[in-house]
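A.B. asks: Residue numbers for the sequence shown follow the working numbering, beginning at 19 and rising by one.
Take every hint as true, because none was put in to throw you off.
No farther apart than 16 Å at their CA atoms in a straight line, the calculated lysine to aspartate or glutamate pairs in the EDC-like style are these:
{"id": "1", "residue 1": "Lys195", "residue 2": "Asp106"}
{"id": "2", "residue 1": "Lys280", "residue 2": "Glu261"}
{"id": "3", "residue 1": "Lys47", "residue 2": "Glu181"}
{"id": "4", "residue 1": "Lys47", "residue 2": "Glu27"}
{"id": "5", "residue 1": "Lys28", "residue 2": "Asp71"}
{"id": "6", "residue 1": "Lys280", "residue 2": "Asp254"}
{"id": "7", "residue 1": "Lys225", "residue 2": "Glu249"}
{"id": "8", "residue 1": "Lys37", "residue 2": "Glu181"}
{"id": "9", "residue 1": "Lys207", "residue 2": "Asp118"}
{"id": "10", "residue 1": "Lys258", "residue 2": "Glu271"}
{"id": "11", "residue 1": "Lys47", "residue 2": "Asp182"}
{"id": "12", "residue 1": "Lys37", "residue 2": "Glu27"}
{"id": "13", "residue 1": "Lys37", "residue 2": "Asp182"}
{"id": "14", "residue 1": "Lys195", "residue 2": "Glu223"}
{"id": "15", "residue 1": "Lys225", "residue 2": "Glu86"}
{"id": "16", "residue 1": "Lys225", "residue 2": "Asp151"}
{"id": "17", "residue 1": "Lys47", "residue 2": "Asp71"}
Derived CB-CB ranges, DEER-like:
{"id": "18", "residue 1": "Arg206", "residue 2": "Gly161", "range": "37 to 47 Å"}
{"id": "19", "residue 1": "Asn60", "residue 2": "Thr84", "range": "34 to 44 Å"}
{"id": "20", "residue 1": "Arg62", "residue 2": "Gly209", "range": "20 to 30 Å"}
{"id": "21", "residue 1": "Lys195", "residue 2": "Gly44", "range": "39 to 49 Å"}
{"id": "22", "residue 1": "Gln65", "residue 2": "Arg224", "range": "38 to 48 Å"}
Source of the hints: derived by calculation from the structure; they are not laboratory data.
Every residue, glycine too, gets a C-beta built ideally from N, C-alpha and C.
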Amino acid sequence: MKAAAFDYEKPADVAAAVKLLSGAQGMGKVIAGGQSLGPMLNLRLAQPQLLVDVRGIAEMCAVTETPEALTIGACVTHARIEDGKLPDATRGLLPAVAADIAYRAVRNRGTLGGSLAHADPAADWVNTLALLDAVAILQGPAGRRELKVTEFMHGPFATALAEDELLVAVRIARLSKAARWGYYKFCRKTGEFAEAIGAMLVDPERKVCRAVVGATTSVPHVVADARAIAERFMPDEALKAVEAAGLGDDPYERQMHFAALKRAAARMHGGGS
Numbered sequence: 019m020k021a022a023a024f025d026y027e028k029p030a031d032v033a034a035a036v037k038l039l040s041g042a043q044g045m046g047k048v049i050a051g052g053q054s055l056g057p058m059l060n061l062r063l064a065q066p067q068l069l070v071d072v073r074g075i076a077e078m079c080a081v082t083e084t085p086e087a088l089t090i091g092a093c094v095t096h097a098r099i100e101d102g103k104l105p106d107a108t109r110g111l112l113p114a115v116a117a118d119i120a121y122r123a124v125r126n127r128g129t130l131g132g133s134l135a136h137a138d139p140a141a142d143w144v145n146t147l148a149l150l151d152a153v154a155i156l157q158g159p160a161g162r163r164e165l166k167v168t169e170f171m172h173g174p175f176a177t178a179l180a181e182d183e184l185l186v187a188v189r190i191a192r193l194s195k196a197a198r199w200g201y202y203k204f205c206r207k208t209g210e211f212a213e214a215i216g217a218m219l220v221d222p223e224r225k226v227c228r229a230v231v232g233a234t235t236s237v238p239h240v241v242a243d244a245r246a247i248a249e250r251f252m253p254d255e256a257l258k259a260v261e262a263a264g265l266g267d268d269p270y271e272r273q274m275h276f277a278a279l280k281r282a283a284a285r286m287h288g289g290g291s
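From just these sequences and the hints, can you work out the full model?
C.D. replies: Written out as structure tokens, the structure reads:
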């Protein structure tokens, strides 16, 4: 099957892109890498009247840093992150996650912002950005606004983005030199979306100790105070986190997510997988 007919525009800046989306009255779609939207177009799961290509917008491809944070444009590709083309503000977390996304051909085109805006619960960036307590920067006709990524995601494939808004960038707080992290995902085979994700972050200088139960049936479940799981892995507390994520009914799913958390903790403490 091929995509239904649509108009195509490639604006030069964010303001022009927002104007196009506003004029489309809900019938416009944004495309960057096209790794999620492309198949949806071909299967006619999405039939926009207008496709707005944002790959040429310099601001959305830019990366800026301050002593406190790193701001990554929404059009930055997985490959660019994997290859270390960005300042390392996360003690190697972002490159490690990027390197394990799908296949290199996908990583060459797929983008950080595209993954977040698509909001697949099993996507790596959705869960990693929730772990990092990242901020999504949006722009619409009324101007810019910022939301925590955990507030930006409303559910599976559902976000706070209005029809005439654009995800411009993501801001991540810089981790201290004392920070440690662990990330583990279960996939049936290489390149597939995860069936379970466990992620942990401890940054004592910033008083951060978080864990994420990911690849759930909804948004990532964030444990804001994860000392009972991260500092000293307590199985009962890990199971509570899994059950709080709505995964307590199916023994197989419960065990997978429990094991993902346990292995993330082991990796954080240098124990491998």
